[in-house]
Amino acid sequence: MEYVLKYYKPTRLPLDLSPLSPEALEGKSAGEVAEMKVYAGKRMIELSRFFNVELRASGEDQHVKITIVGDLRNARRIGCEMKGGEMRVVGNGGIYLGERMKGGVITVEGDVDSWTGSGMRGGSITINGSAGDFLGASYRGSREGMSGGVIQVNGSIGCEGGAWMKGGLIHVKGSAGPFLGVHMQGGSILVEGNCPGRVGAGMIGGRIAVLGKMLNLLPSFTVDSVRTHADLGAVKVEGGFYMFTGDNNEQGQGRIYVSKDENPHFAWCEKYLGRWE
Amino acid sequence: MKMRDLNIRNGVVYDPLNRIDGERMDIYVRGGRIVETPVKDAEEINASHMVVMPGGVDIHSHIAGTKVNVGRLMRPEDHFKDVLPRTGIRRAGVGHSVPTTYVTGYRYVEMGYTTVFEPASPPLKTRHTHEELDETPIVDKGCFPLMGNNWFIMDYIRENKYEECRDYVAWLLEAVKGYAVKIVNPGGVEAWAWGKYITHLDEPVPRFEVTPREIIRWLCRINLELKNPHPIHVHTNNMAKPGNYETTIETMDSVKDMASNTDGKPIIHVTHVQFTGRSGTSWVNVGSGAPEIADYLNKNRHAEIDVGQIVFGDTTTMTADGSFQFLLHLLSGNKWANSDVEVETGAGVVPFRYRRGNYVNAVQWGIGLELALLVKDPWRVHMTTDHPNGGPFTEYPKVISWLMSKKSRKRLLGKINSTARRRLTLGDIDREYSLYEVAMVTRAAQARSLGLTWKGHLGPGADADIAIYNLNPKQVDPSKDYLKVRKAFKKAAYTIKDGVIVCKDGEIVETPLGRTYWVKPPLPEESLESLASNISGRFKEYYTVEMDNYVIDEGYLANPQAVAPAR
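Sequence order for the protein chains is A and B. In terms of our numbering, the first sequence opens at residue 1 and continues consecutively. In terms of our numbering, the second sequence opens at residue 1001 and continues consecutively.
Honestly, the hints are just simulated from the structure, not real lab data. Beta carbons: idealized from backbone N, C-alpha and C, even for Gly. Be a bit skeptical, because a hint or two may be false.
What the hints assert, rightly or not - Subject to a maximum C-alpha distance of 30 Å in a straight line, what follows is the list of computed DSBU-like cross-link-like pairs (lysine-lysine):
id, chain 1, residue 1, chain 2, residue 2
1, A, Lys83, A, Lys173
2, A, Lys42, B, Lys1406
3, A, Lys236, A, Lys173
4, B, Lys1474, B, Lys1406
5, A, Lys42, A, Lys6
6, A, Lys102, B, Lys1474
7, B, Lys1406, A, Lys102
8, A, Lys37, B, Lys1491
Unchecked claim - Computed beta-carbon distance windows for the label pairs:
id, chain 1, residue 1, chain 2, residue 2, range
9, A, Glu2, B, Glu1135, 31 to 41 Å
10, A, Arg43, B, Glu1044, 32 to 42 Å
11, A, Asn216, B, Tyr1556, 47 to 57 Å
12, A, Gln251, B, Pro1076, 22 to 32 Å
13, A, Glu54, B, Ser1332, 43 to 53 Å
14, A, Gln251, B, Asp1202, 36 to 46 Å
15, B, Tyr1543, A, Lys213, 28 to 38 Å
16, B, Gly1313, A, Gly103, 21 to 31 Å
17, A, Glu81, B, Gly1088, 20 to 30 Å
18, A, Glu23, B, Thr1281, 38 to 48 Å
19, B, Asp1253, A, Gln251, 43 to 53 Å
Starting from the given sequences, assemble the full structure and let the hints guide the process.
This is the structure:
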């Protein structure tokens, strides 16, 4: 069954769409969903004030799919804590999309704002556009970042992607902002584009691979070897890489793979290598 | 808000101060006080099959002040888990372990508590404490100024000027509108500011050359002479270190000789003894010193304790004991805030998670319960979690159920670290608290210790602070149905504050403003003058504030009530 919500009356108030999870909607009629109340600003307002709800039941299929159509830049917590099912946003999404998500699939056609997949435990999020800051990071002050699941961003991401990350995979096809994987403890981040630097500050575990240009590296990392492929656990990437370990300020065991071809300015580190691979 | 007269009918009343143990009787309220005879035209409350107790009194709960506010600032992830939206009556708020002031008031009242004391307020920052207390609705409250590391007091002790020191303590209590003398790690916080540790009661504080023993003895003597309603409130040296139960006993023993002329009332209150009751020599063999401390308390009547029970889960630790917080930061690796308050004390804040599988945490859990169960006299052991150090005060129902039910203790004992389980004697203790004893350790004993003679009981003339819990003692056996006990104490059926029904079925229905109690010690005019001339010079030397700005005027408090010394 598929619920289609058309955002026919955009509001300037922030909407909290966290009640709209596939588990909560399962078995409900279109009318019942339209009567659900969500926070719009400081008041609880019925969904029908902003959305046209349509139910497309397709035979026996019990798989719940929610499609939201419209520019939902001011709608926060889409798919918050969802455990299964599928959500699709045709347009842009707001902040905290897929926050603390445990399972299921979220697809966004446009861009999303900050804190996407923060504290995520499982499932997968695919963003066709770009994402804001703190992708897959922990909530402010908390040390529990993303610990499972997959986030794929086809555009670029902002700063502090994967902060305090513990597990799972973040795959960015575009570029990443500064402080990628800050305080990272596990999991892997793959950035196909460029990265301005300060990657993995304070990291104690996990793996980061940057396939594009990287401006600089923190001095608290040690060059370990030159590798023919970047081993990110779930993903293996071919090509020449300098592998650094750190962050030595935290006695960290994290690994950063930097593309050898794209970054000739890292050639200085080769003189510190014990042997060639 | 309307103050109604009330007739509470057929409740099962537990009122230890009047020796009423589970009698079915009526309670009458007129004009915010309890009266002997039924009141005409009063609102009737049917409390049949319900437990009626005096409103709860919490003697030690960090609810206001600068360090609590630092805790609030540094724990956004704590607030985020627990959001309380506003209703027509109450305000919005957040908070699990360090709730906002409003939520603090509401949550206490929901559990049937009506009086709460903030136990550590640096005198210099007590203005802030009072501002926050004034924003804590419904409950009555007060704060204890910190004096154990005060330079002035340590100077007086070194120079052996007893009278000046006594007048200064009296002046300080009045100046900052405090309620009792609080001593935190006497000398140790000051020593730590110089990079040193105090490990023994007879170790001199650097630069001052006075020992913690002298500080405790002097302040205890002064406290007795000023006839303050509450004994000195001591957080001992060597907090949280293995083997510190000896320090705790030594601290209690250090003032034993002064107890002769106080007709059996305790003269020292040692606080959160769970943190200071550890045996062993290192973190590997740390064990419970609770049997030894309980033995001492059973033999000596001059000391009382509060437990400071820990509850497994996430919380925020905050004390004025800067050195202990630094230790905890090194142990846990969590974020840490530290502060030094000029001339007076320090403080620290570290978030902490107590884990069942952790050996030390499991031992801590056992120590607290062993203390509460092994001390025979429930008048001298108060139930606290040292909110938020051992756990948020909202976990009190859990602690009550552990005290009341061996089964519930056994159940959790089966889940904790196995080495800790082997080394604790908790499994062999059969004692279970009755509701009468629970009424003692949660309200009556604390009201008595605080000298609040008009609180903690339901006799005529007492404040009409009443908690009614939806628990039928005839049908429910607390030792088996501990979950029902937990549920009943979590949300009181009624909480009545000064004759106003403030909470009904766990929902806040009225939010009056409670009083702030403070002690006005007797201080003759001439000694005040000589004191002012004595300390004003030092004040200029030591403080960055003027003495005139230091003193908090009574008019600054929203609803102050001075308490005359009564012992």
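Practice task
State the violated hints by number, sorted upward, taking the hints as numbered earlier in the document.
Solution key: 2, 6, 7, 9, 15, 18
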